[in-house]
Amino acid sequence: MSKAPPASTWRLSLAGAVALLLGVGLGRYAFTPLITPLVQQGWFTPQATAQLGAINLLGYLLGAASADRSGRLLGERRAIALCLTTLTLSLFGCMFDAGFVWYGLWRLLAGWSAATLTIVVTPAIMARVPAARRPAASAIIFTGIGVGTITASLIVPWLAAAGIAATWAAIGSVAALLGAWSWFAVWRDLAALPATTHSDQRANGAPVPWLAIALIVLAYGLNSAGYVPHSLYWVDYIARELGRGLAAGNGYWLVLGVGGMLGPAAGGLAAQRLGFRSALVAAFVLMTTATALPLLSSTSVALGLSSLLVGAMVPAIITLTAGAVVELSPPGRQRQIWGWATLSFALMQTIGGFAMAQLYAQVGSYRDTIAAGAVILVLGTLCVSVGAAQRRR
1 MSKAPPASTW RLSLAGAVAL LLGVGLGRYA FTPLITPLVQ QGWFTPQATA
51 QLGAINLLGY LLGAASADRS GRLLGERRAI ALCLTTLTLS LFGCMFDAGF
101 VWYGLWRLLA GWSAATLTIV VTPAIMARVP AARRPAASAI IFTGIGVGTI
151 TASLIVPWLA AAGIAATWAA IGSVAALLGA WSWFAVWRDL AALPATTHSD
201 QRANGAPVPW LAIALIVLAY GLNSAGYVPH SLYWVDYIAR ELGRGLAAGN
251 GYWLVLGVGG MLGPAAGGLA AQRLGFRSAL VAAFVLMTTA TALPLLSSTS
301 VALGLSSLLV GAMVPAIITL TAGAVVELSP PGRQRQIWGW ATLSFALMQT
351 IGGFAMAQLY AQVGSYRDTI AAGAVILVLG TLCVSVGAAQ RRR
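Each residue of the sequence shown is one higher than the last, beginning at 1 in the UniProt record's numbering.
There may be inaccurate statements among the hints.
Each pair of labels, with its calculated beta carbon distance range [unchecked claim]:
1. Q40 to L73: 41 to 49 Å
2. S297 to I35: 30 to 38 Å
3. W102 to G275: 45 to 53 Å
4. E241 to V285: 21 to 29 Å
5. L296 to G245: 18 to 26 Å
6. D368 to T32: 52 to 60 Å
7. A357 to Q41: 26 to 34 Å
8. G245 to A132: 46 to 54 Å
9. R188 to A48: 36 to 44 Å
10. R240 to L382: 29 to 37 Å
Simulated from the structure, these hints should not be mistaken for laboratory data. Glycine is no exception: its CB is placed at the ideal position from the N, C-alpha and C atoms.
Put together the whole structure using the sequences plus the hints.
In C-alpha coordinates, the structure reads:
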(Lines of atoms letter the chains of each structure in order from A and count residues from 1; the text may use other names and numbers.)
(Lines give C-alpha, C1' and ligand atoms only; values in the text may rest on other atoms or scores of the structure.)
Protein backbone atom coordinates (compact mmCIF):
# COMPACT_ATOMS: atom_id res chain seq x y z
CA MET A 1 0.00 0.00 0.00
CA SER A 2 1.37 3.42 -0.99
CA LYS A 3 1.38 6.03 1.74
CA ALA A 4 2.16 9.71 1.50
CA PRO A 5 5.02 10.68 3.79
CA PRO A 6 4.22 12.98 6.73
CA ALA A 7 5.69 16.05 5.01
CA SER A 8 3.48 15.49 1.96
CA THR A 9 0.44 15.03 4.20
CA TRP A 10 1.20 18.32 5.92
CA ARG A 11 1.73 20.19 2.65
CA LEU A 12 -1.44 18.73 1.16
CA SER A 13 -3.51 19.75 4.18
CA LEU A 14 -2.01 23.23 4.32
CA ALA A 15 -2.62 23.75 0.60
CA GLY A 16 -6.22 22.69 1.16
CA ALA A 17 -6.55 25.21 3.98
CA VAL A 18 -5.17 27.91 1.67
CA ALA A 19 -7.67 26.97 -1.04
CA LEU A 20 -10.62 27.32 1.35
CA LEU A 21 -9.16 30.47 2.90
CA LEU A 22 -9.05 32.04 -0.57
CA GLY A 23 -12.30 30.63 -1.87
CA VAL A 24 -14.62 31.05 1.10
CA GLY A 25 -12.77 33.38 3.47
CA LEU A 26 -11.80 35.96 0.84
CA GLY A 27 -13.82 35.10 -2.25
CA ARG A 28 -17.13 35.05 -0.39
CA TYR A 29 -16.71 36.96 2.87
CA ALA A 30 -14.25 39.79 2.12
CA PHE A 31 -17.16 41.58 0.44
CA THR A 32 -19.26 41.74 3.64
CA PRO A 33 -17.16 44.28 5.62
CA LEU A 34 -16.86 46.41 2.47
CA ILE A 35 -20.61 46.85 2.06
CA THR A 36 -20.74 50.00 4.19
CA PRO A 37 -17.82 51.72 2.38
CA LEU A 38 -19.31 50.76 -0.99
CA VAL A 39 -22.55 52.47 -0.02
CA GLN A 40 -20.96 55.45 1.71
CA GLN A 41 -18.67 56.20 -1.23
CA GLY A 42 -21.51 55.96 -3.71
CA TRP A 43 -20.43 52.87 -5.62
CA PHE A 44 -23.74 51.10 -4.95
CA THR A 45 -27.04 51.54 -3.12
CA PRO A 46 -27.84 49.32 -0.11
CA GLN A 47 -30.28 47.39 -2.30
CA ALA A 48 -27.59 46.82 -4.93
CA THR A 49 -25.11 45.47 -2.37
CA ALA A 50 -27.78 43.05 -1.14
CA GLN A 51 -28.30 41.90 -4.73
CA LEU A 52 -24.55 41.44 -5.17
CA GLY A 53 -24.53 39.26 -2.07
CA ALA A 54 -27.32 37.17 -3.55
CA ILE A 55 -25.41 36.88 -6.84
CA ASN A 56 -22.38 35.57 -4.96
CA LEU A 57 -24.56 32.95 -3.28
CA LEU A 58 -26.02 32.05 -6.69
CA GLY A 59 -22.47 31.51 -7.95
CA TYR A 60 -21.81 29.25 -4.97
CA LEU A 61 -24.92 27.22 -5.77
CA LEU A 62 -23.87 26.91 -9.42
CA GLY A 63 -20.39 25.85 -8.36
CA ALA A 64 -21.77 23.23 -6.00
CA ALA A 65 -23.97 21.86 -8.78
CA SER A 66 -21.22 21.77 -11.43
CA ALA A 67 -18.02 21.05 -9.47
CA ASP A 68 -17.97 17.29 -9.99
CA ARG A 69 -18.51 17.69 -13.73
CA SER A 70 -15.78 20.35 -13.85
CA GLY A 71 -13.41 18.03 -12.02
CA ARG A 72 -14.11 15.16 -14.40
CA LEU A 73 -13.83 17.28 -17.56
CA LEU A 74 -10.70 19.20 -16.57
CA GLY A 75 -9.09 16.88 -14.06
CA GLU A 76 -8.35 17.88 -10.47
CA ARG A 77 -5.15 19.78 -11.29
CA ARG A 78 -6.60 21.95 -14.07
CA ALA A 79 -9.84 22.57 -12.18
CA ILE A 80 -7.94 23.84 -9.14
CA ALA A 81 -5.71 26.02 -11.33
CA LEU A 82 -8.75 27.51 -13.09
CA CYS A 83 -10.49 28.26 -9.80
CA LEU A 84 -7.45 29.85 -8.15
CA THR A 85 -6.88 32.04 -11.22
CA THR A 86 -10.55 32.99 -11.57
CA LEU A 87 -10.86 33.76 -7.88
CA THR A 88 -7.79 36.02 -7.88
CA LEU A 89 -9.00 37.85 -11.00
CA SER A 90 -12.41 38.35 -9.37
CA LEU A 91 -10.80 40.12 -6.40
CA PHE A 92 -8.76 42.41 -8.65
CA GLY A 93 -11.84 42.98 -10.82
CA CYS A 94 -13.70 44.49 -7.88
CA MET A 95 -11.10 47.30 -7.75
CA PHE A 96 -12.96 49.12 -10.52
CA ASP A 97 -16.14 51.14 -10.11
CA ALA A 98 -17.50 49.91 -13.46
CA GLY A 99 -21.13 49.38 -12.57
CA PHE A 100 -23.43 46.69 -11.28
CA VAL A 101 -23.07 44.24 -14.17
CA TRP A 102 -19.26 44.29 -13.91
CA TYR A 103 -19.34 43.71 -10.17
CA GLY A 104 -22.07 41.12 -10.45
CA LEU A 105 -20.03 39.07 -12.92
CA TRP A 106 -17.00 38.97 -10.62
CA ARG A 107 -19.07 38.19 -7.53
CA LEU A 108 -20.75 35.35 -9.44
CA LEU A 109 -17.38 33.93 -10.49
CA ALA A 110 -16.02 34.28 -6.95
CA GLY A 111 -18.93 32.23 -5.60
CA TRP A 112 -18.50 29.60 -8.32
CA SER A 113 -14.77 29.33 -7.63
CA ALA A 114 -15.32 29.02 -3.86
CA ALA A 115 -17.76 26.11 -4.18
CA THR A 116 -15.72 24.34 -6.84
CA LEU A 117 -12.53 24.59 -4.77
CA THR A 118 -14.34 23.27 -1.70
CA ILE A 119 -15.68 20.26 -3.56
CA VAL A 120 -12.65 19.39 -5.71
CA VAL A 121 -9.87 20.06 -3.20
CA THR A 122 -11.20 18.21 -0.16
CA PRO A 123 -11.63 14.71 -1.68
CA ALA A 124 -8.41 15.15 -3.69
CA ILE A 125 -6.48 15.61 -0.46
CA MET A 126 -8.32 13.03 1.63
CA ALA A 127 -7.79 10.37 -1.07
CA ARG A 128 -4.03 10.95 -0.84
CA VAL A 129 -3.82 10.93 2.97
CA PRO A 130 -3.56 7.66 4.93
CA ALA A 131 -6.74 6.85 6.87
CA ALA A 132 -5.06 7.42 10.24
CA ARG A 133 -4.14 10.96 9.22
CA ARG A 134 -7.49 12.00 7.76
CA PRO A 135 -9.01 13.49 10.94
CA ALA A 136 -6.03 15.82 11.37
CA ALA A 137 -5.91 16.61 7.64
CA SER A 138 -9.61 17.46 7.57
CA ALA A 139 -9.20 19.74 10.59
CA ILE A 140 -6.34 21.63 8.95
CA ILE A 141 -8.18 22.01 5.65
CA PHE A 142 -11.32 23.53 7.13
CA THR A 143 -9.43 25.82 9.49
CA GLY A 144 -8.78 27.85 6.34
CA ILE A 145 -12.40 29.03 6.25
CA GLY A 146 -12.28 30.42 9.78
CA VAL A 147 -8.86 32.01 9.34
CA GLY A 148 -9.96 33.69 6.12
CA THR A 149 -13.24 34.92 7.56
CA ILE A 150 -11.70 36.32 10.74
CA THR A 151 -8.88 37.93 8.77
CA ALA A 152 -11.35 39.58 6.41
CA SER A 153 -13.53 40.85 9.26
CA LEU A 154 -10.55 42.36 11.13
CA ILE A 155 -8.26 43.57 8.33
CA VAL A 156 -10.63 44.67 5.56
CA PRO A 157 -12.29 47.50 7.56
CA TRP A 158 -8.82 48.80 8.42
CA LEU A 159 -7.70 48.63 4.79
CA ALA A 160 -10.89 50.39 3.68
CA ALA A 161 -9.51 53.66 5.06
CA ALA A 162 -7.09 53.63 2.12
CA GLY A 163 -9.97 53.35 -0.35
CA ILE A 164 -12.04 50.57 -1.87
CA ALA A 165 -9.76 50.05 -4.88
CA ALA A 166 -6.66 49.80 -2.67
CA THR A 167 -8.43 47.32 -0.40
CA TRP A 168 -9.36 45.01 -3.26
CA ALA A 169 -5.84 45.34 -4.68
CA ALA A 170 -4.39 44.25 -1.33
CA ILE A 171 -6.80 41.32 -1.03
CA GLY A 172 -6.07 40.27 -4.61
CA SER A 173 -2.33 40.43 -3.99
CA VAL A 174 -2.64 38.22 -0.92
CA ALA A 175 -4.72 35.75 -2.95
CA ALA A 176 -2.15 35.75 -5.76
CA LEU A 177 0.74 35.07 -3.38
CA LEU A 178 -1.02 32.32 -1.45
CA GLY A 179 -2.41 30.76 -4.60
CA ALA A 180 1.05 30.73 -6.20
CA TRP A 181 2.56 29.09 -3.12
CA SER A 182 -0.09 26.36 -3.06
CA TRP A 183 0.32 25.73 -6.79
CA PHE A 184 4.08 25.29 -6.71
CA ALA A 185 4.08 23.47 -3.35
CA VAL A 186 1.33 20.95 -4.10
CA TRP A 187 -1.14 21.37 -6.95
CA ARG A 188 1.41 21.44 -9.78
CA ASP A 189 2.52 17.91 -8.86
CA LEU A 190 -0.85 16.60 -7.66
CA ALA A 191 -1.01 13.83 -10.27
CA ALA A 192 2.33 12.46 -9.05
CA LEU A 193 1.00 12.00 -5.50
CA PRO A 194 -0.56 8.51 -5.33
CA ALA A 195 -3.94 7.91 -3.76
CA THR A 196 -3.90 5.74 -0.67
CA THR A 197 -5.49 2.32 -0.96
CA HIS A 198 -8.87 1.88 0.70
CA SER A 199 -8.74 -0.99 3.14
CA ASP A 200 -12.37 -1.01 4.18
CA GLN A 201 -15.15 -3.23 2.92
CA ARG A 202 -15.99 -0.98 -0.02
CA ALA A 203 -12.73 -2.02 -1.67
CA ASN A 204 -13.92 -5.64 -1.51
CA GLY A 205 -17.21 -4.99 -3.27
CA ALA A 206 -19.46 -4.46 -0.24
CA PRO A 207 -22.74 -2.62 -0.91
CA VAL A 208 -22.58 1.16 -0.67
CA PRO A 209 -24.50 2.47 2.39
CA TRP A 210 -26.62 4.90 0.38
CA LEU A 211 -29.17 5.42 3.16
CA ALA A 212 -26.44 6.52 5.56
CA ILE A 213 -24.96 8.84 2.94
CA ALA A 214 -28.37 10.36 2.10
CA LEU A 215 -29.22 10.98 5.75
CA ILE A 216 -25.85 12.60 6.45
CA VAL A 217 -26.15 14.82 3.35
CA LEU A 218 -29.68 15.83 4.45
CA ALA A 219 -28.52 16.51 8.01
CA TYR A 220 -25.67 18.64 6.69
CA GLY A 221 -28.16 20.81 4.83
CA LEU A 222 -30.47 21.05 7.84
CA ASN A 223 -27.51 22.21 9.93
CA SER A 224 -26.93 25.13 7.56
CA ALA A 225 -30.59 26.17 7.83
CA GLY A 226 -30.60 25.85 11.62
CA TYR A 227 -27.51 28.06 11.84
CA VAL A 228 -29.19 30.98 10.04
CA PRO A 229 -30.44 32.82 13.19
CA HIS A 230 -26.98 32.90 14.75
CA SER A 231 -25.28 33.79 11.47
CA LEU A 232 -27.63 36.65 10.55
CA TYR A 233 -29.46 37.93 13.62
CA TRP A 234 -27.26 37.18 16.62
CA VAL A 235 -25.72 40.65 17.00
CA ASP A 236 -29.01 42.49 16.53
CA TYR A 237 -30.82 40.05 18.84
CA ILE A 238 -28.41 40.82 21.66
CA ALA A 239 -28.06 44.52 20.90
CA ARG A 240 -31.70 45.50 20.42
CA GLU A 241 -34.05 42.69 21.40
CA LEU A 242 -32.21 41.97 24.65
CA GLY A 243 -31.25 45.64 25.07
CA ARG A 244 -27.55 44.96 25.70
CA GLY A 245 -26.23 47.45 23.11
CA LEU A 246 -24.19 47.11 19.92
CA ALA A 247 -20.85 46.77 21.72
CA ALA A 248 -22.12 43.72 23.60
CA GLY A 249 -23.57 42.25 20.41
CA ASN A 250 -20.27 42.66 18.59
CA GLY A 251 -18.44 41.15 21.56
CA TYR A 252 -20.50 37.97 21.41
CA TRP A 253 -20.00 37.89 17.64
CA LEU A 254 -16.24 37.91 18.24
CA VAL A 255 -16.68 34.98 20.64
CA LEU A 256 -18.54 33.15 17.89
CA GLY A 257 -15.62 33.85 15.56
CA VAL A 258 -13.16 32.46 18.11
CA GLY A 259 -15.27 29.32 18.25
CA GLY A 260 -15.02 29.11 14.48
CA MET A 261 -11.24 29.06 14.75
CA LEU A 262 -11.33 26.23 17.30
CA GLY A 263 -14.02 24.11 15.66
CA PRO A 264 -12.03 22.24 12.98
CA ALA A 265 -9.36 21.19 15.48
CA ALA A 266 -12.04 20.04 17.93
CA GLY A 267 -13.74 18.06 15.18
CA GLY A 268 -10.48 16.46 14.09
CA LEU A 269 -9.61 15.47 17.65
CA ALA A 270 -13.08 14.00 18.20
CA ALA A 271 -12.80 12.03 14.96
CA GLN A 272 -9.50 10.53 16.10
CA ARG A 273 -11.08 9.42 19.37
CA LEU A 274 -14.58 8.41 18.22
CA GLY A 275 -14.47 8.04 14.45
CA PHE A 276 -15.99 10.47 11.97
CA ARG A 277 -19.60 9.35 12.23
CA SER A 278 -19.85 9.11 16.03
CA ALA A 279 -18.09 12.46 16.38
CA LEU A 280 -20.53 13.96 13.86
CA VAL A 281 -23.50 12.86 15.97
CA ALA A 282 -21.90 14.39 19.07
CA ALA A 283 -21.28 17.65 17.19
CA PHE A 284 -24.94 17.84 16.11
CA VAL A 285 -26.08 17.30 19.70
CA LEU A 286 -23.81 20.11 20.90
CA MET A 287 -24.89 22.38 18.04
CA THR A 288 -28.58 21.82 18.81
CA THR A 289 -28.10 22.37 22.54
CA ALA A 290 -26.04 25.53 22.04
CA THR A 291 -28.56 26.98 19.58
CA ALA A 292 -31.45 26.38 22.00
CA LEU A 293 -29.56 27.66 25.07
CA PRO A 294 -30.66 31.34 24.67
CA LEU A 295 -34.28 30.14 24.84
CA LEU A 296 -33.60 28.91 28.36
CA SER A 297 -31.44 31.77 29.63
CA SER A 298 -30.23 35.17 28.46
CA THR A 299 -27.48 35.54 31.05
CA SER A 300 -24.00 36.50 29.91
CA VAL A 301 -22.77 32.96 30.56
CA ALA A 302 -25.53 31.42 28.45
CA LEU A 303 -25.02 33.87 25.59
CA GLY A 304 -21.26 33.36 25.72
CA LEU A 305 -21.54 29.56 25.69
CA SER A 306 -24.05 29.69 22.86
CA SER A 307 -21.75 31.95 20.83
CA LEU A 308 -18.65 29.84 21.44
CA LEU A 309 -20.23 26.43 20.87
CA VAL A 310 -22.29 27.38 17.81
CA GLY A 311 -19.23 29.09 16.33
CA ALA A 312 -17.15 25.97 16.95
CA MET A 313 -19.68 23.35 15.89
CA VAL A 314 -20.39 24.84 12.45
CA PRO A 315 -16.85 24.22 11.10
CA ALA A 316 -16.57 21.05 13.19
CA ILE A 317 -19.64 19.65 11.44
CA ILE A 318 -18.20 20.65 8.05
CA THR A 319 -14.94 18.90 8.94
CA LEU A 320 -16.65 15.75 10.18
CA THR A 321 -19.15 15.56 7.34
CA ALA A 322 -16.32 15.71 4.81
CA GLY A 323 -14.56 12.87 6.61
CA ALA A 324 -17.73 10.79 6.88
CA VAL A 325 -18.46 11.25 3.16
CA VAL A 326 -14.98 10.05 2.19
CA GLU A 327 -15.29 7.13 4.61
CA LEU A 328 -18.68 5.97 3.30
CA SER A 329 -18.45 6.77 -0.40
CA PRO A 330 -17.29 4.23 -2.98
CA PRO A 331 -13.91 4.88 -4.61
CA GLY A 332 -14.17 7.46 -7.37
CA ARG A 333 -17.45 8.91 -6.04
CA GLN A 334 -16.17 10.94 -3.08
CA ARG A 335 -16.07 14.24 -4.98
CA GLN A 336 -19.54 13.76 -6.42
CA ILE A 337 -21.11 12.92 -3.06
CA TRP A 338 -19.24 15.71 -1.27
CA GLY A 339 -20.63 17.96 -4.00
CA TRP A 340 -24.13 16.80 -3.14
CA ALA A 341 -23.48 17.64 0.50
CA THR A 342 -22.16 21.10 -0.38
CA LEU A 343 -25.16 21.72 -2.64
CA SER A 344 -27.48 20.61 0.17
CA PHE A 345 -25.72 23.02 2.53
CA ALA A 346 -25.95 25.99 0.15
CA LEU A 347 -29.51 25.33 -0.97
CA MET A 348 -30.95 24.80 2.51
CA GLN A 349 -29.07 27.80 3.84
CA THR A 350 -30.67 29.93 1.14
CA ILE A 351 -34.14 28.53 1.81
CA GLY A 352 -33.61 28.89 5.55
CA GLY A 353 -32.49 32.50 5.15
CA PHE A 354 -35.62 33.49 3.27
CA ALA A 355 -37.87 31.49 5.63
CA MET A 356 -36.31 33.03 8.76
CA ALA A 357 -36.64 36.52 7.29
CA GLN A 358 -40.32 35.87 6.59
CA LEU A 359 -40.84 34.48 10.09
CA TYR A 360 -39.23 37.53 11.65
CA ALA A 361 -41.34 39.85 9.49
CA GLN A 362 -44.49 38.14 10.77
CA VAL A 363 -43.70 37.78 14.48
CA GLY A 364 -41.15 40.57 15.02
CA SER A 365 -38.98 38.54 17.39
CA TYR A 366 -35.59 36.94 16.84
CA ARG A 367 -36.36 34.54 19.67
CA ASP A 368 -38.84 32.75 17.42
CA THR A 369 -36.24 32.38 14.66
CA ILE A 370 -33.82 30.88 17.19
CA ALA A 371 -36.53 28.41 18.26
CA ALA A 372 -37.16 27.51 14.62
CA GLY A 373 -33.44 26.97 14.11
CA ALA A 374 -33.30 24.66 17.13
CA VAL A 375 -36.23 22.60 15.79
CA ILE A 376 -34.50 22.25 12.42
CA LEU A 377 -31.33 21.12 14.17
CA VAL A 378 -33.29 18.51 16.17
CA LEU A 379 -34.41 17.06 12.84
CA GLY A 380 -30.82 17.17 11.59
CA THR A 381 -29.61 15.39 14.71
CA LEU A 382 -32.17 12.63 14.22
CA CYS A 383 -31.14 12.20 10.58
CA VAL A 384 -27.42 12.03 11.30
CA SER A 385 -27.96 9.68 14.26
CA VAL A 386 -29.86 7.21 12.09
CA GLY A 387 -27.35 7.62 9.27
CA ALA A 388 -24.36 7.06 11.52
CA ALA A 389 -25.96 3.94 12.98
CA GLN A 390 -26.28 2.26 9.56
CA ARG A 391 -23.98 -0.71 9.05
CA ARG A 392 -22.60 -2.03 5.78
CA ARG A 393 -24.15 -5.37 4.85
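Now the hints, each set against the structure:
1. Q40 to L73: 41 to 49 Å: holds (43 Å)
2. S297 to I35: 30 to 38 Å: For S297 and I35 the Cβ distance comes to about 33 Å; the hint holds.
3. W102 to G275: 45 to 53 Å: holds (48 Å)
4. E241 to V285: 21 to 29 Å: holds (27 Å)
5. L296 to G245: 18 to 26 Å: holds (22 Å)
6. D368 to T32: 52 to 60 Å: Check failed, 25 Å falls outside 52 to 60 Å.
7. A357 to Q41: 26 to 34 Å: Taking Cβ atoms as reference, A357 and Q41 lie about 27 Å apart, which means the hint holds.
8. G245 to A132: 46 to 54 Å: With a Cβ separation near 49 Å, G245 and A132 satisfy 46 to 54 Å, so the hint holds.
9. R188 to A48: 36 to 44 Å: This hint holds: roughly 39 Å between Cβ atoms.
10. R240 to L382: 29 to 37 Å: holds (33 Å)
Hint compliance for this structure: hint 6 alone is broken.
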